[in-house]
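So the protein sequences, as listed, match chains A, B, C and D.
Each residue of the first sequence is one higher than the last, beginning at -10 in our numbering.
Each residue of the second sequence is one higher than the last, beginning at -10 in our numbering.
Each residue of the third sequence is one higher than the last, beginning at -10 in our numbering.
Each residue of the fourth sequence is one higher than the last, beginning at -10 in our numbering.
Just so you know, not all the hints are guaranteed correct.
It does not matter which identical chain is meant; a pair holds if it fits inside one copy or across any two.
The list that follows gives simulated cross-link-like pairs (lysine-lysine, DSSO-like), each with its CA atoms no further than 27 angstroms apart [unchecked claim]: (1) 3 with 114; (2) 39 with 11; (3) -3 with 114; (4) 39 with 29; (5) 165 with 114; (6) 11 with 37; (7) -3 with 53.
If you're looking for bench data, these hints aren't it; they were derived computationally from the structure.
4 protein chains.
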Amino acid sequence: MGKAERTKQFIIEKTATLFNTKGIAATSLLDMTEATGLTKGSIYGNFKNKDEVALEVFRYNLKKVTGLVSEEMARESTFRGKILCYPRIYTLFDDPRFPVGGCVILNTAVEVDDTHPLMCEEVSKAINSWKNTLVFLINEGIQAGEFSTENNAEDLALQIIATIEGAVMLTKVSGKIAYMQSLMKTVENLINSF
Amino acid sequence: MGKAERTKQFIIEKTATLFNTKGIAATSLLDMTEATGLTKGSIYGNFKNKDEVALEVFRYNLKKVTGLVSEEMARESTFRGKILCYPRIYTLFDDPRFPVGGCVILNTAVEVDDTHPLMCEEVSKAINSWKNTLVFLINEGIQAGEFSTENNAEDLALQIIATIEGAVMLTKVSGKIAYMQSLMKTVENLINSF
Amino acid sequence: MGKAERTKQFIIEKTATLFNTKGIAATSLLDMTEATGLTKGSIYGNFKNKDEVALEVFRYNLKKVTGLVSEEMARESTFRGKILCYPRIYTLFDDPRFPVGGCVILNTAVEVDDTHPLMCEEVSKAINSWKNTLVFLINEGIQAGEFSTENNAEDLALQIIATIEGAVMLTKVSGKIAYMQSLMKTVENLINSF
Amino acid sequence: MGKAERTKQFIIEKTATLFNTKGIAATSLLDMTEATGLTKGSIYGNFKNKDEVALEVFRYNLKKVTGLVSEEMARESTFRGKILCYPRIYTLFDDPRFPVGGCVILNTAVEVDDTHPLMCEEVSKAINSWKNTLVFLINEGIQAGEFSTENNAEDLALQIIATIEGAVMLTKVSGKIAYMQSLMKTVENLINSF
DNA sequence: AATGAATGAGCATTCATTCAT
DNA sequence: GATGAATGAATGCTCATTCAT
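Using the sequences provided together with the hints, build the complete structure.
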C-alpha cells in the first residue's frame, strides 16, 4: 500500500464515525479536517470531493459489519447457526466492533433515497447482497434437510432484514435496548421455526 | 383561524414534502421560500426558526398518516380488522394521501437520533403512541376472545412496527414495490395468526 | 396632552435607557417594542422612523440632566454655588435621577460625530448651550465681584465640561468611581480658585 | 512574516479607519470587504469573527497613538518635556499620523462600556497603562527635583487624561478646533505648574 | 390611532471547492 | 503529495420600514 493509499485509508477510518452519526450533508469539511488532523487540501488531494469520501466511508463501515458477520458465521457449522448470527450480532449493535452511529445501511438509505441516485444505488446493492446471502443460506439449509421445504427463502430473507433495520431505528431513537432484545428474540424464533 | 394561523398552516403544508424528502438539514430557507412563494421575513414572522417549522411539519405529516389510519380503522368492526389496516395502508405508501417522501417517523428518526435530542424525543413519543395503540388493540382483541390469550401484545406491536419501518426503507431505496408487498403480506399473516 | 402626544411621551420614556446604554444603531425596533409593550406599527404611527425616536430620546435624556442641574442651582444664591452644582451632580452620575447609561451628550456625540450630521448638530447645540450657561455664570460672578476679573470664562467653561465628560468615560469603562470622585474634586478646586 | 500574518495585518490596516469612524456595530462585513478588496471568506480565513478584527484594530489604532507619543517623548530630555508631548500631540489630533476618527480609547470605551465586557476590559487596560505612564513620569519628575513634591501624581494623571478625552469629544462633535487648542493650552499650563 | 402581517435588503458566518506554491 | 490561503455562493436569521385592515 503506497503512501497515497495509506492516507486515503486513514481519512476513511477517521471520518467513518462522523458520517455515520451526523449524516453526509451535515458532515462538513471542517469536521473532517478536525477528525483527521489533515488539511482540506490534503483531503481533496486524495478524493475527488466530499461525496467520494462519503461513498468510501459507506463501503468501509459496511465491510466492518459484513466482516463481523463473516467471522461469526465461520464458527458455525449449520445453516441455522449461520443465519442466527444476524440477530445475535445486532443485539449488540453498540458493540465497539460495530460502526458507531447505528446501521450504515439504514442511515445512508434514509438520507439518500430521495436525493442521491448514485449513492442510493450503492445502498441498494448492499441490501441485495445481504438478501442474497440469506436466500442462499436458507436454500442450502433446505437442500441439506435442515429446514422445511415449505420455506420461501426470499420472503424470509426480507423479513429478517426488515425486522433488523426497523429494530435498529426503534432502539436508537427511543434509547430502549429492550426493543432490540425483544425484536431479535422474535427473529431468532423465526429462524428456529424454519 | 386568524391570518397568522392560516399562514403558519400554509407554510407547513407547502414545505411538508420538502422536509420529508430532503431532510431537515438539507432543506434550506431558500427551498422554503420557493415552495411557499413567501419571503424569509414572512416565514420568520410566523415561526421562531427553521427547526420550529421542521417540528410542526413533522407533526403535520405524522397526523396525515395517523388520520388515514384512524379513518380506515373506523370502518372496521373487529380488532383484527383494525390492526390489519396498518399493512394494508403501508402497502400503498406512495398513495397521494400519504406524505410524499416515505415514512415520517423513519426519516426523522434516522436524521435526528444522534444530533437533535429535542426532535428525537418527539419521534420517540410518536413511536410510543403507535405502539400503545397496537398494544391496546391486541389486548382488547384478546379480552373480546378474538385472539388467543398466549399473545404478548408488546412484542407483537414492536414486530409489526419494526417490519413496517424496515419495509419502507427497503422499498424506497431499492425501488422495488414487491418488497413492500411481500413484507406487508407477512405482517398480515402474523396478525391473522393472533 | 392628546392621546397621540401621550403615546409619544410614553415611547420616549420607555426607550430612553435603551438608547443611552446600547446606542442608537444597536437599539432595534424589537428592543423598542419589548421595552414599550407596543407594536412596531404603533411606534411608526407616532414617529417618522427610528432616528426620530432617537432624537427625541436624546432631548428627553438631556432635559433630565439639565432639569436636575436647574433644580440644584435654584437652591444656590451665589454664582460659585451654582457652578459647583456640576461637579456635585456628576459625582452621583449613577443616581436614579440621572439617565441610565452615562452622559447622554458623550454617548451620542461619540456615536454620531463621523456619521449622522443632523444628530451631530443637535449634540453640538446642547454643548454650546451648556458652555453658554457656564460662561454666563462666570461672567456674572466676575461682575458681581465674586470671581477675579482675570478669569477667562470661555476657557474655564470648556475645561469644566471637558473634565466632566472625560471623567464619565473613564469611570464607566473602568468601573472605578474613585476616578469620578478625584476628578470632580479637581473641578471643584478649580471653581473655588476663580 | 508569513502570508497569513501579512494578510491579517493588511485587513487590520485597511479597516482601521472604518472601525474608528463608524464604530464596531455599524461596520459591516461588506464595508470590510470593500475597504480591503478581499472576500468575506478571506477575512474569516484570517480572523475568528468580526469582533476579533475589531479587537486587533483597536490594538493597532492604539499602538499608532502610543507609538507617536513614544517617538516624541524620546526626543525630550526632561520629564516635563515628556509629559508636555501629550497636549502637543493631541492638538494635532487630525494629523495623518493619528488614527482617523478621533481617539480610539474614547470611541471604543463609549461604544462598549454597557455591552461588551471583554472589549471593555481591553479599553480599561489601555487607560490604566496610560495613567501608569503619566504617574511614573510625574513621580520621576518629583524625584529628579523637576516638580514640586506636593503634586499628587495619580490625580494629575487623571486630570490630564480626562481633559484630553473630553477635548477630543468636544472638538469632534462641534467641529471647532479652537476648543482643542484652548483645552490643550490649559493642560500645558497645568503641566508647567507642576 | 393602532395592529398584524408582510417585505426585501441586509446581517455575520460557513460552505465545498480550487490552486499557486 | 501536501499545504495555506483564497474564493464566492450559500447558510440561517434580523433589520427598519410599510400598509391594508
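Consistency of the hints with the structure:
Taking the shortest alpha-carbon separations for residue 3 and residue 114, only the intra-copy value of 25 angstroms comes in at or below 27 angstroms, while the best inter-copy value is 34 angstroms. Within a single copy, residue 39 and residue 11 get their C-alpha atoms as close as 14 angstroms, and across copies as close as 18 angstroms, so both meet the 27 angstroms cut-off. When the C-alpha separation of residue -3 and residue 114 is checked against a cutoff of 27 angstroms, the pair qualifies only within one copy, where the shortest distance is 23 angstroms, while the shortest distance between copies is 41 angstroms. Taking the closest pair of Cα atoms, residue 39 and residue 29 come within 27 angstroms of each other both inside a single copy (10 angstroms) and across two copies (23 angstroms).
For the homomeric pair residue 165 and residue 114, the shortest alpha-carbon distance between copies (13 angstroms) is at most 27 angstroms, but the shortest distance inside one copy (30 angstroms) is not. In the homo-oligomer, the alpha carbons of residue 11 and residue 37 lie at most 27 angstroms apart both inside one protomer (21 angstroms) and across protomers (23 angstroms), since each shortest distance falls under that limit. Proximity of residue -3 to residue 53 under the C-alpha cut-off of 27 angstroms is restricted to the intra-copy arrangement: shortest distance 17 angstroms within a copy versus 45 angstroms between copies.
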